[in-house]
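Okay, here's what each chain looks like letter by letter:
Protein chains: 2
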Amino acid sequence: MNSLLGFTFILLALGSCRGLQDNDVDKEPDLVFQPSKYGSLWPLPQNVQISDVSLKLSSSSFSITDAKESGAGASCGLLQLAYRRYYEYIFGGAKKQKVNRSARAGPTDLLELQVWITSPDSECDGYPSVSSDESCLETFSQLVFEDEYGTKTINSTVISDFPRFAHRGILLDTSRHFLPVKAILTNLEIMAMNKFNVFHWHIVDDPSFPYLSRTFPNLSQKGAYHPYTHVYTPADVKMVIEFARLRGIRVVSEFDTPGHTQSWGKGQTDLLTPCYSGSKPSGTFGPVNPILNSTYDFMTQFFKEISEVFPDAYIHLGGDEVSFECWQSNPDIQKFMEQQGFGKDYRKLESFYIQKLLDIVAATNKGYIIWQEVFDNGVKLKPDTVVHVWIGSGSNSEMSKVTAAGFTTILSAPWYLDYISIGQDWLNYYKVEPLNFNGTEEQKKLVIGGEACMWGEYVDATNLIPRLWPRASAVAERLWSAKEVTDTGDAFSRLSLHRCRLVERGIPAEPLTPSFCLHEYKGV
Amino acid sequence: MNSLLGFTFILLALGSCRGLQDNDVDKEPDLVFQPSKYGSLWPLPQNVQISDVSLKLSSSSFSITDAKESGAGASCGLLQLAYRRYYEYIFGGAKKQKVNRSARAGPTDLLELQVWITSPDSECDGYPSVSSDESCLETFSQLVFEDEYGTKTINSTVISDFPRFAHRGILLDTSRHFLPVKAILTNLEIMAMNKFNVFHWHIVDDPSFPYLSRTFPNLSQKGAYHPYTHVYTPADVKMVIEFARLRGIRVVSEFDTPGHTQSWGKGQTDLLTPCYSGSKPSGTFGPVNPILNSTYDFMTQFFKEISEVFPDAYIHLGGDEVSFECWQSNPDIQKFMEQQGFGKDYRKLESFYIQKLLDIVAATNKGYIIWQEVFDNGVKLKPDTVVHVWIGSGSNSEMSKVTAAGFTTILSAPWYLDYISIGQDWLNYYKVEPLNFNGTEEQKKLVIGGEACMWGEYVDATNLIPRLWPRASAVAERLWSAKEVTDTGDAFSRLSLHRCRLVERGIPAEPLTPSFCLHEYKGV
Chain A
1 MNSLLGFTFI
11 LLALGSCRGL
21 QDNDVDKEPD
31 LVFQPSKYGS
41 LWPLPQNVQI
51 SDVSLKLSSS
61 SFSITDAKES
71 GAGASCGLLQ
81 LAYRRYYEYI
91 FGGAKKQKVN
101 RSARAGPTDL
111 LELQVWITSP
121 DSECDGYPSV
131 SSDESCLETF
141 SQLVFEDEYG
151 TKTINSTVIS
161 DFPRFAHRGI
171 LLDTSRHFLP
181 VKAILTNLEI
191 MAMNKFNVFH
201 WHIVDDPSFP
211 YLSRTFPNLS
221 QKGAYHPYTH
231 VYTPADVKMV
241 IEFARLRGIR
251 VVSEFDTPGH
261 TQSWGKGQTD
271 LLTPCYSGSK
281 PSGTFGPVNP
291 ILNSTYDFMT
301 QFFKEISEVF
311 PDAYIHLGGD
321 EVSFECWQSN
331 PDIQKFMEQQ
341 GFGKDYRKLE
351 SFYIQKLLDI
361 VAATNKGYII
371 WQEVFDNGVK
381 LKPDTVVHVW
391 IGSGSNSEMS
401 KVTAAGFTTI
411 LSAPWYLDYI
421 SIGQDWLNYY
431 KVEPLNFNGT
441 EEQKKLVIGG
451 EACMWGEYVD
461 ATNLIPRLWP
471 RASAVAERLW
481 SAKEVTDTGD
491 AFSRLSLHRC
501 RLVERGIPAE
511 PLTPSFCLHE
521 YKGV
Chain B
1 MNSLLGFTFI
11 LLALGSCRGL
21 QDNDVDKEPD
31 LVFQPSKYGS
41 LWPLPQNVQI
51 SDVSLKLSSS
61 SFSITDAKES
71 GAGASCGLLQ
81 LAYRRYYEYI
91 FGGAKKQKVN
101 RSARAGPTDL
111 LELQVWITSP
121 DSECDGYPSV
131 SSDESCLETF
141 SQLVFEDEYG
151 TKTINSTVIS
161 DFPRFAHRGI
171 LLDTSRHFLP
181 VKAILTNLEI
191 MAMNKFNVFH
201 WHIVDDPSFP
211 YLSRTFPNLS
221 QKGAYHPYTH
231 VYTPADVKMV
241 IEFARLRGIR
251 VVSEFDTPGH
261 TQSWGKGQTD
271 LLTPCYSGSK
281 PSGTFGPVNP
291 ILNSTYDFMT
301 QFFKEISEVF
311 PDAYIHLGGD
321 EVSFECWQSN
331 PDIQKFMEQQ
341 GFGKDYRKLE
351 SFYIQKLLDI
361 VAATNKGYII
371 WQEVFDNGVK
381 LKPDTVVHVW
391 IGSGSNSEMS
401 KVTAAGFTTI
411 LSAPWYLDYI
421 SIGQDWLNYY
431 KVEPLNFNGT
441 EEQKKLVIGG
451 EACMWGEYVD
461 ATNLIPRLWP
471 RASAVAERLW
481 SAKEVTDTGD
491 AFSRLSLHRC
501 RLVERGIPAE
511 PLTPSFCLHE
521 YKGV
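Chains as they are written, first to last, in this note's numbering: chain A, 1 to 524; chain B, 1 to 524.
It is worth saying that the hints were derived from the structure and are not from the lab.
Don't take each hint at face value.
Treat identical chains as interchangeable: a pair holds within one or across any two.
Unchecked claim - Here are the simulated DSS-like cross-link-like pairs (lysine-lysine), alpha carbons at most 25 Å apart as the crow flies:
(1) K182 - K522
(2) K522 - K222
(3) K348 - K382
(4) K522 - K238
(5) K431 - K68
(6) K280 - K431
(7) K431 - K356
(8) K366 - K37
(9) K522 - K483
Using the sequences and the hints given, assemble the complete structure.
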């Protein structure tokens, strides 16, 4: 949605102190709630200029409309749905009033929000891309607050806004635990509230293969936790993609090979490498078998389907944590290594596989993202490959190397949110500066963003949302707001209110610190 | 409910492997799901003898009835409500069938569960006490499983059961975050499913005072986060107590003084000690002021009310973490110290306060529990005081000292569940042996149990349940089952199934490890 530039005149609410106690007597005494001059805005826009003029919004007379000059009108379903959604966010918490269109509006009433899409390409029916501009409706809704009489109020102001990084993602892992579609949709809603724009769907992995492939239905029939109750059907996947699209979110699917593929082997004979114990097969299997033509035939068909099912321009191909032990044990692999002149360097075999895979995927006209090991192991990559940096130690020097080699990159190393501890760990995520590595300006420009990762070992629908939110919100602001936005005290105050807003919208986002929200979570 | 001894013949289900994947490829390779011969029983009963005879249960013909010889019959509301609850647990997940009482029962049908209350005192209308026996209905419900056709099935067996420790508690903190009553009730339900029998309600503390006192309404009017939306009214408290009673759970309230009382000072003038900065009051306040008669008049009236509102025989009086700085700064306190001949030993002043408080509470005919510092600081305690050990380091030597001094004790030190980390930390809670301290048999007998504590700094209704369960279940088994029940592999398998049972009953209990449940959590 290209509404950004035409959407400069909107209004700012000075968030009141409600929602937080003023003496946090227990811990982190340096983080005391002090109303921010930016209210509850999260992530902080690039420019905010506040006035003292306050206007009232009535649920019966306020409307969101298309500006006359707008490049998208009533026929733009995406916009119309967004108007309804944000009307509901703004007024949903208030007692419903009878709509009385004939009631007189006072001089301080705000009657209309005009949305002016300035781009000729409104993207109403298309899918979001890495270069898409962003919706400002969320910002507008964050400016509305209830005054002490419960009146929806907004302060007149000027904002201009744009994200610092184009790629702002959340990774969910639906293999270690299956996440019902409803949990994924809820998470997409919260992502939109935090201006995340990439859902990295780590859909399959060792433990289970919940993706129902039309071409190879046995993969989920045999490899899912349960072939009926723990799979994503084509209809499910479509629903996720459409739900995301309507919120400006790209769905980047990951099908990780050649490692992390135990579940693939259950439904696809000969796909995985048989491991040997001495001179005999041990009965266990290793990574994808890179020496068989059948492997590449399979991958060609499989990724043709994936490229059609997932409209995004990119596919994540994984490539992390490939163990060489099983390959080393297998005499056929050994023989192949000799024939190819790879010596004992199994990284060359990995490279052999990945290069063939990249060719296969490139033929579908998709771009691809790979985990950093593929780069580290010296696999020859096409220049347009996106390298995803995830290994915690040494990630700055990794960013230097990857960008020095000219590759576009995404950072996740400091944002593994599956690691938890008592206290305000959001601060650690917040304090990260993604470009804090040695490199030229050109290198820095290759960092297109980052992703917060919620790996699924200990997470399913029972605990996903409160464990992820609002911790991931810290990453959201780091990736959206200006580099200079680093005041943790101000962030604490805004994030506390933002978290209460999520709770008010029905989201079980966990608390930051001893505190309360005016409207506590009800859905126990 | 004294059903224990008359309830020896019940039936055991061999839990099937459903609900867990058999290859947890990722972590903790030593903990692999292997069906336990004890099925999904949690906590493990003291004696279980299994037969291969399996019986079927039909929702239309099965009933739970009072045995002829039972000391409690149809007039026992507590039992009748429990029958309904467990009927629902057993058949609730299944598709509802039309009740057809005329349908013929087959020879392998189990038609009736007879409950025989052998004690003359059925406790139908009374409150549970530290010596109460335990319900076996939960055990029975844990024995029922679905066979591969969905038929509710149970294997005939003999169980005799009793808890190892009488006091098995969960502490919730409703001051740092307010917990809506609904969240407390949900937690009580889960406690019953885990045979916890004490809800330690840490109801007030520094950040807020949500208890609405009839005698001193200003305490919550001024000290709660919000005087209407963030308080427990007398009706709320009654509801919690009754809901707990029906599940055999005691409600032990804690009103922690003289420290942890910042919120008390807002609604009760002169209760707290004014701190001084040099020769002038600084405007801040410290612990309860121990040198004023008005303090003790207040406490007398306040604890009279508490002793009437909370029927349990015990009140927790806190006494932890008293800082002496403010007392030391106050010239009136200094003068009082001199007059009393306390020198510079502020522990003597603390002791002075506590002894007066204990006298006040003793006059209400209640017993009391105090945190370990009160003992550590040499406060003279009555012999029937229960000492609650919580400080992590040196807790074994503390247990030695407390019991050597002849005091009854409760252990919480290893079970601070507000501390979190990635991975299976339930194992750490499980491996604790509460009597693993130097002491005589007599000393060991003084350990009446323990409590898992979920302090509220980072916990409210959004994340309480998945963060607490099933981690607290590990504590439940440690406190209930025999000392010898220490096989972590067997525990892992049973707990995995127990956790899936909680999920099936609608509880968002988080997962232990990569796995799935036949019925995943729906209430996202």
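Taking the hints in turn, this is what the structure says about them:
1. K182 - K522: Intra 18 Å, inter 8 Å, cutoff 25 Å: intra and inter.
2. K522 - K222: between (39 Å within a copy, 24 Å between copies)
3. K348 - K382: within (16 Å within a copy, 76 Å between copies)
4. K522 - K238: between (31 Å within a copy, 21 Å between copies)
5. K431 - K68: neither (43 Å within a copy, 69 Å between copies)
6. K280 - K431: neither (53 Å within a copy, 40 Å between copies)
7. K431 - K356: Result: close neither inside a copy nor across copies, 40 Å intra and 50 Å inter.
8. K366 - K37: For K366 and K37, neither the intra-copy (44 Å) nor the inter-copy (52 Å) Cα distance is at most 25 Å.
9. K522 - K483: neither (37 Å within a copy, 40 Å between copies)
When the structure is compared with the earlier hints, violations turn up for hints 5, 6, 7, 8 and 9 and for no others.
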